[in-house]
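K.L.:
Position chain B against the provided structure of chain A, taking the given hints into account.
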Amino acid sequence: MVFDLEVVARYLPFLLEGVGITVEFTLIAFSAGSVLGLLLALGRISKNPIFHYPAVAYIDFVRGTPLLAQIYLIHFGLPQIFGYTPVGYVDALLALTLNSTAYIAEIMRAGIESIDRGQMEAARSLGMTYVQAMRYVILPQALRRVVPPMGNEFIALLKESSLVSVIGMEDLMMKSRMMAGRSFRPFEAYFTAALIYLALTLTFSRILGWGERRMGKSAQG
Amino acid sequence: MLKVKDLHKKFGNLHVLKGVSLEVSKGEVVVIIGPSGSGKSTFLRCINHLEKPTSGHIFIDGVDLEAPTTNINVIREKVGMVFQQFNLFPHLTALENVTLAPEKVLKVPRSEARERAKALLSKVGLSDKCDSYPDQLSGGQKQRVAIARALAMQPKLMLFDEPTSALDPEMIGEVLAVMRELAEEGMTMVVVSHEMGFAREVADRVLLMADGVFVEEGPPREFFTNPKHERTKAFLSKIL
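Protein chains in written order, with my numbering: chain A, 1 to 221; chain B, 1001 to 1240.
Only chain A is shown next, with the shape it has when bound in the complex (with noise of 0.2 Å):
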């Protein structure tokens, strides 16, 4: 048995339909994750137990639990708890983003936790609330340094995007296996899926390190 790149061939264009949906599930998530992940992190980090405990009690589960489970819990059992017909595409955003919200919270924790005690007090000590010294002092230099650990979470989520396609999102993923259905070359289906991913994410990662560098520029200190 030979490789066959005709059927590769074949099937490429059909690949490439679900390259966007990874795409698009993986940014959406991402930035939506960005966004919660940072009020997340400020609850962690809040010494109000009322933003507190949740936080971490929801961290603890994100990040403690299967993305697969979560997944099937948000789309087969809600529903029946609820009584609604589930929308698979609804779904499988919202188990990305809330599933990428716990991983970024915790990076961005770790980000503000890293920021030297001494800005705090000195922020404070010219007579600025707890909130204008986060935002005005803490986050500008926070937000610089998880760019890395952002960039990770990232790649991570572009390849746990695949999982979506249990519950029938046609990504990259499903449209590989509908290709070694049809095909009966389920390595080439396969093998060909995984190039795409890796030639995604070597690319995002190539994006991110330019991104760096140019921040790293713009930081001086």
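It should be emphasised that the hints constitute simulated quantities derived from the structure, not laboratory data.
Each residue gets a CB set at the ideal place from its N, CA and C atoms; glycine is no exception.
Hints are supplied without guarantee of correctness; some may be wrong.
Chain A regions said to be covered by chain B (calculated; three or more residues, Cβ under 8 Å) [stated by the list, open to error]:
no.	stretch
1	98 to 112
2	123 to 134
3	137 to 143
P.N.:
Frame of chain A, contents of chain B only:
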């Protein structure tokens, strides 16, 4: 101006301040010396509530910091603080370091804040460093920016927490010169420092803190030449 009554501070089981009282009147310069770990910095940090006192009272301009109605942020606007480690904001230029709090806290218009900041930076001898980032400044320059930053809030009281201890010897002079000028202009200052020359020439009063209490206080001439307590004598013999 500043009145501290029977201040105690405990960190867990560690009793750092054991009943400290101090009154500082307007325009007075008070220098606190003492061995490390004696509570000098903690005392200073209690004055603007960077540390919350365990018990006792602090009054600034007659306002009781411990009163539940007191807004600590408003008090801090009037109390400038200079730190041993400078704590400049590294993502902002020297000028932006100085304008940030007036703009955000006092809502001073940007152009006015910038004008005032430029004047303050030239006062501390750094008019040519407005656009430099902290990383591009020497230790002495950083500390002078930090002083300008504190002054931008037009404080009535300035606290200095070992402002020259992290500096290379040749940079200490430039920072002390700025502080001396400030003292001459009538700023009320509480300085924790081991710069005996500064204490001798600029201070109105020198205090020795040891083991969480003020052991001795007096005008510098008397304090240095004729100390009364054994503890003071022992300390001075080590550092002079």
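K.L.:
Indicate, hint by hint, whether the structure satisfies it.
P.N.:
Do the hints match the structure? See the list:
1. 98 to 112: violated (count 0)
2. 123 to 134: Holds: 8 residues of the stretch 123 to 134 of chain A have a Cβ under 8 Å from chain B.
3. 137 to 143: Our answer is that it holds, as 3 residues pass the Cβ test (under 8 Å) against chain B, meeting three.
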